[in-house]
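Visitor: Below, each chain spelled out in residue letters.
2 protein chains.
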Amino acid sequence: MSEKKRIGIAGLGTVGAQVVARLLAGAVPGAVVTAVSARDAKRDRGVDLSAQRFVANPLDLAAAEDVDVVVELMGGEGGAALELVQAALRAGKPVVTANKAMLAAHAEGLSDLSCVSPPVPLAFEAAVAGGIPVIKALREGMAGNEISRLSGILNGTCNYILSRMEVAKLSFEEALKEAQEKGFAEADPFLDVSGTDAGQKLVILSALGFGVAPNMAHVSITGIEQIAAQDISFAASFDSVIRLVAMAERRAETGGVFHQVMPMLVKKPASLAQVGNELNALKIEAEPVGSIFLQGPGAGGGATASAVLADISDIVQGFGRALFSKPTSAMKESASPKPPASEYYLRLALADKPGSMAKATQILAENGVSIEEVVQRSSQAGDRFLPVVFITHHCENSALRAALEALQSQQDICNEVLALPVFAEEM
Amino acid sequence: MSEKKRIGIAGLGTVGAQVVARLLAGAVPGAVVTAVSARDAKRDRGVDLSAQRFVANPLDLAAAEDVDVVVELMGGEGGAALELVQAALRAGKPVVTANKAMLAAHAEGLSDLSCVSPPVPLAFEAAVAGGIPVIKALREGMAGNEISRLSGILNGTCNYILSRMEVAKLSFEEALKEAQEKGFAEADPFLDVSGTDAGQKLVILSALGFGVAPNMAHVSITGIEQIAAQDISFAASFDSVIRLVAMAERRAETGGVFHQVMPMLVKKPASLAQVGNELNALKIEAEPVGSIFLQGPGAGGGATASAVLADISDIVQGFGRALFSKPTSAMKESASPKPPASEYYLRLALADKPGSMAKATQILAENGVSIEEVVQRSSQAGDRFLPVVFITHHCENSALRAALEALQSQQDICNEVLALPVFAEEM
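If you're matching them up, the sequences are chains A and B in order. Position 416 of the first sequence, counted from 1, bears residue number 416 in this note's numbering, the numbering being contiguous throughout. Position 7 of the second sequence, counted from 1, bears residue number 7 in this note's numbering, the numbering being contiguous throughout.
Excised from the complex, chain A in its bound form (with noise of 0.2 Å):
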């Protein structure tokens, strides 16, 4: 065996922390973790950092002379994450990084950085579905492959949130509530319930499976802040569940990849409907293996840690990776803006007054939207308006929105409107 690859790690949160422990343990034969840098130099981490250097500013990793591999794990989409991992790749060392939210939003700088000649690792295996190994799998195991659909559930958060509210019927408010408390969720969960982090890691994965530079701006983002407990009630009765699902599919006939976050209705037969609680999933279409599906944790110090010690063991053996294997410049796949048809779940609020319904009913099929299944639940005494579902028939998106913008014009009929797309399990 060679030299050993001396490691300086940057963020000793739960997953640095892990990360220096297993390494000190031996977990990754040619790796020696030499210098470490977080905030508090004092902090107890139930780790002993004595036999390693400690270095104040994280920056200096890149140029310290007994760190060959740089590992950044102190987050943060810009500031000095990102200085670090420009500095590392610069001095030609190879990084590991667990940062989404960096890589979508600097994908262009930083695989300039990478895709020199020889080319710099940048490892980003912990970056997307935690400890399942989705990177591998796609860049490598599906190599050969022609990609036609990503769809998963990468945010853990969102999909905790919606189980509970399946399984223990409580409110979204509630079911966030409990996942702030069992730390499944942020103080501030901005970034998860509003499905931006799904968003950042789809359009990492759609790097790898279909070449399209990372670009936020191509995602259509909605979060599931607006899915009710009745909503939840109402897809059971379609024997359905509610997921956030992250979407990137190629558009024969259009051209282009259209990537998408958003809540979906999945029959429970299918793959990502048995995905519970705070794992990730991701389902891969491709010609000419298939359909391979991937699920485990997707979060927790423990499986961001396997993730990043994986990356780590690539480098140190010699199999490391330049990020997206080419400068996004040289990408050539599009966005698509456009929406694939699909079938809506549609929850409108109508007045509980005779003809309420055949309006609405005409409104859609004057719309070209026709409708599969309906289920109304009895009214509670006093309700104006009622909910009422519609299960459609494929639609175009844009026949669909302008329906609902007809809905929406009639206000003294139907007052609110809650559009899903049904996942289609096979394309």
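Simulated from the structure, these hints should not be mistaken for lab results. A portion of the hints provided could be inaccurate.
To be verified - If you want the ones that stay clear, here's a sample from chain A, every Cβ over 12 Å from chain B, calculated:
no., residue
1, Leu170
2, Ser171
3, Ala187
4, Ser306
5, Asp311
6, Asp314
7, Arg347
8, Gln410
What the hints assert, rightly or not - Facing chain B, according to a computed beta carbon distance under 10 Å, are these residues of chain A, among others:
no., residue
9, Met142
10, Gly144
11, Glu146
12, Ala217
13, Ala305
Unchecked claim - In silico BS3-like pairs for lysine-lysine, Cα to Cα no more than 25 Å straight-line:
no., chain 1, residue 1, chain 2, residue 2
14, B, Lys268, A, Lys332
15, B, Lys268, A, Lys267
16, B, Lys5, A, Lys268
17, A, Lys326, B, Lys5
18, A, Lys268, B, Lys267
From the three backbone atoms N, C-alpha and C, an ideal C-beta is built for every residue, glycine too.
Dock chain B against the given chain A, drawing on the hints supplied.
Guide: Below, chain B without anything else, positioned relative to chain A:
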């Protein structure tokens, strides 16, 4: 890009023809097919081979000056396939193979030829679980983890038969016949239904996950021939299904790794119970990652070709790896003959006369096997023996075997016994 790697392919069956067609279509940018070998040079395989050199004797690919990488898709445990792979490795040429029988039987010799300095890559993603990148996930994606258990559905033929018995209420024989008609089972189904094929795949996974040198003698193998329609139906009454589970488990108490291929009762919420028809799946339990689940097509031309293309892609990019990373002689982990304690599904044929049940339950109790649930179905007039099913509490395998022996010695009371372990979702 440096010069393209020249690929020589031996074996042009369903998989080989697909691999060639996709390489010709540019599926792996750094690879070009220069030579092919097959029994019949003239057969129409739906792919234009006019630009490739046809080699009558596959062994010649190893020495050929126009071949950098040898792809072995002939199959067979020894013979020409083994000779070709050995000769190619000796010549320092990387090899890609889908041949699990060969790897399981000749791991020692092949690892010695591959694990030299510098290593000669021997890639085998297609040998286990077809298109699912389980080799990559386990060897690379889980690097740095300590694996505690691997449990997989690794034979699509058996899973198809068991699924059809369950869903379409077929007998074993009817389901086997259907599998043969659909091309999911060979004319001689022995290697599949006996569990041998799954065992070969399991020892390969165990070498990667646990560092146990492959040895088929380590694996306790039971096929699915003895599973009757009534077992599927009894399983359903326990909200369970029957799956042929290939399992390798680290035994903390006794040391070593236990290997078993056996039909097991799997509770329906478990991931493995969701794996239907000809699909394959692997569950990896490890520390710190937790539990990872992978599912996809385990056989068929497209799935296997996908895995072969992935291996070729790794090799042409310089990311090929030696077989098992080290010679089997350097593997130190031992196999354990002792099965873990388990709950069991016991089906007894009990005499339809007073006292039989009392006697049977007494024998179980005397041997330390305690009962959790019982199901007895109403009798058909004239049956002298009636099926009774017990689910036991956790018990040692030795206790169970003693109990079964004692039961079977009482031929007037009990004339048939089937015992299946219950799959424990968590270790």
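Visitor: Could you run down the list of hints and mark each one as holding or not?
Guide: The hints, checked one at a time:
no.	hint	result
1	Leu170	holds (20 Å)
2	Ser171	holds (25 Å)
3	Ala187	holds (25 Å)
4	Ser306	violated (4 Å)
5	Asp311	violated (9 Å)
6	Asp314	violated (6 Å)
7	Arg347	holds (29 Å)
8	Gln410	holds (44 Å)
9	Met142	holds (7 Å)
10	Gly144	holds (3 Å)
11	Glu146	holds (8 Å)
12	Ala217	violated (29 Å)
13	Ala305	holds (5 Å)
14	Lys268(B) x Lys332(A)	violated (45 Å)
15	Lys268(B) x Lys267(A)	holds (17 Å)
16	Lys5(B) x Lys268(A)	violated (46 Å)
17	Lys326(A) x Lys5(B)	holds (20 Å)
18	Lys268(A) x Lys267(B)	holds (17 Å)
Checked against the numbered hints listed earlier, the structure breaks hints 4, 5, 6, 12, 14, 16; every other hint is satisfied.
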